[in-house]
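Asker: Chain by chain, the residues:
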Amino acid sequence: MWKIIRQIARAGVLTEAPPEAGAASNAGSERIQHELLAILGRALAIREVDAGSCNGCELEIHALNNPYYNIEGLGIRFVASPRHADMLLVTGPVSRNMEQALRRTYDATPEPKLVVAIGDCACSGGIFGESYASCGRVANVIPVDGVVPGCPPAPIEILRGILSAVQRTRAAQG
Amino acid sequence: MSALDLDLGLSSTQLPAPLPIRHCSVTADQWRAAAPAVARSGGRLVALWGGDRRVNEAGGFAVSAAYALHDGLVWLDLALPPGALTYPDLAAVFPGAARMQRATADLLGITADAFDDHRPWLDHRVWTHAFPLRRTAAEGPPGLPRDYPFVRVEGDGVHEIPVGPVHAGIIEPGHFRFSVVGEKVLRLEQRLGYTHKGIERRFTELPPLEAHRLAGRVSGDSTVGFAWAYCMALEAASVCAAPPRSRWLRALMLERERVANHLGDLGALGNDAAFGFGLAQFSRLREDWLRLANEVFGHRLMMDCVVPGGSSVDLDEPAIGRLTRQCDAVETEVRALRAIYDEHAGLQDRFITTGRVTPELAATLGLTGLAGRASGQRADLRCDQPWSPYDQLEVGMASHRNGDVAARVTLRFDETFESLRLIRALCDGLPGGAVRADVSAPAAGAIGAGWIEGWRGEIFVALEIGANGEIGRCHCHDPSWHNWPVLEHAVIGNIVPDFPLINKSFNLSYSGHDL
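Protein sequence lines, in the order shown, are assigned to chains B and F. For the first sequence, this note's numbering begins at 1 and goes up steadily by one. For the second sequence, this note's numbering begins at 1 and goes up steadily by one.
There may be inaccurate statements among the hints.
Stated by the list, open to error - Simulated DEER-style distance windows between Cβ atoms: (1) V496(F) - R168(B): 49 to 59 Å; (2) L186(F) - N140(B): 51 to 61 Å; (3) A17(B) - A339(F): 29 to 39 Å; (4) G396(F) - T15(B): 48 to 58 Å; (5) A17(B) - R322(F): 45 to 55 Å; (6) A339(F) - V13(B): 18 to 28 Å.
Said to hold, decoys possible - Partial list, computed: chain F residues near chain B (C-beta under 8 Å): (7) T86; (8) G157; (9) I170; (10) G220; (11) G321.
It is worth saying that the hints were derived from the structure and are not from the lab. From a predicted model like this one, the values you see are computed outputs, not experimental measurements. Heads up, the beta-carbon is just placed ideally off N, CA and C, and yes, glycines get one too.
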């Protein structure tokens, strides 16, 4: 046990300041927590859906859980079911074999819900495009509220995209 | 002259690749005789795929098999007579061929004789075209989605648990059908193909000199491995060689990709056994690793850094120094973490004997790569067919015989240390000179092949250039093809809650398999 504690102490606290989401936003983890609470009344729950990606975007979404980004510390967590989610993060060109599953996942997510398309493929179809097996971008299948281009986008860009989508909702609500 | 040539009277030709890769056109009889001959000699099936060589009214379909033998790889090519839609079955000798034959049936409408599994595999009956790899894909009313006939287990108290395609974690989509009694898994059946996005047809729409970008997106976690295999195939087809410095840089990137994935997996395996400390520590190291990759190679995963003719990036002395120092720092940390993993009774209790694949079963089913080496299957291209620069590095092969989750964890630790040693050696010995050579467009009708030991196992790319210099066919093979069916066996008799742990210990690619 003491080895574990020593290792934790030696590694120290590595969590970095979160990114600024909008031009006027003064991001700090406390402020982000407050904003999420003001908008949602609770933590932001995200369901990730790989709709046909190469798994590169999944690697970078995973990275958001590492101590540097510490996404749970901001009040954002990944949940196991769309029924628990406020937001869907969707990656990949939507393969035709995943089209129905993506629609069902969207339908199972309670209103109000946000969809953020992560990565070039989800934003535009990317290098795979539209074909006999691919529906192309996510917006061809379900409504999309925000996009994060990149192949794959860095974790900090994904976090920025998540925060921007939430803030835009607040702006729209007035 | 390969060993197989002598046995079967074949006359194969060596392709201009850095590894011994031979190509051979065969008759149906030779195709039939080759499989048992390969099996007898201790060889293994690497890949099976088909193609459409019909031009106007002439020509027919073709089917290819790649076998790994002691003296290299041999690519057998069987041209079917015009109008023929069947070829001799390989699954009776190599069980791993079964799903590849089903995929070939979906993509081209050609089937193996004496093979009775006619269920579709990649085709879920929602594509806009049937047989999409035919030259004239039949556009037409797609078939209605239909129920997939899973094998049912009957008996008192037996019930099914369907999982996926959308999984609970941040992972790729696939469907698992468990038949369980109580907590015990009696049978697992997989249904894959959900991420099939038409990669192989997309290849034929891209210029050969640009398609390495698509190869680098077959499976994002193996982007260096696939890009290198594709470039090796293209360079063989174009008969040109990457300069020495670029070969060392490619190996440097491949080893860094191996370490990045092993660090991620070691953390995730701890987490799946309820040891969150492991995930926090290893994901921190992985993030450090990716950040330096971004600074040095311009991309966290090193996508598009391996290009036709060499490498798109060069390293200066300060960068080399940083890479070397990071290896030292990570090694110290991983040694400390390994001691913690090894001494943690709760963790070892979850790892040891869980998800066991015996060496005998592994040999029968063709378990390959890292998982194969954890089950006594000693094969690693970097040791068996050391191509430049591995021929100067004396790569040590990690192996184990227990075949359980603990063995696959041990393999990852051992391979991480060996790769850190290799990265330092590659940094120390990096030769001077250019990092990229000009690659001419490959000639019409040229062929090439690439064969790489990626972090998961052997990656193979077969490239055929068409009559107008375009890509006629490009087949990308991920080692997951062989290992997915073995995972079905690994979970038998285990409890349902151990499935995520067992699955993670294999960490197979969905995208690399589904294409």
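Asker: Run every hint past the structure and note whether it holds.
Answerer: Structure-based check of each hint:
1. V496(F) - R168(B): 49 to 59 Å: Violated, since V496(F) and R168(B) (Cβ atoms, about 41 Å apart) do not stay within the stated range.
2. L186(F) - N140(B): 51 to 61 Å: The hinted range 51 to 61 Å is violated for L186(F) and N140(B), with Cβ atoms some 41 Å apart.
3. A17(B) - A339(F): 29 to 39 Å: Check passed, 33 Å falls within 29 to 39 Å.
4. G396(F) - T15(B): 48 to 58 Å: For G396(F) and T15(B) the Cβ distance comes to about 38 Å; the hint is violated.
5. A17(B) - R322(F): 45 to 55 Å: violated (24 Å)
6. A339(F) - V13(B): 18 to 28 Å: The hint (18 to 28 Å, Cβ to Cβ) holds, given that A339(F) and V13(B) are roughly 23 Å apart.
7. T86: Violated: closest Cβ of chain B sits about 24 Å from T86(F), beyond 8 Å.
8. G157: violated (26 Å)
9. I170: Because about 5 Å separates I170(F) from the closest Cβ in chain B, which is inside the 8 Å limit, the hint holds.
10. G220: Hint on G220(F): holds, closest Cβ of chain B at ~3 Å, below 8 Å.
11. G321: violated (23 Å)
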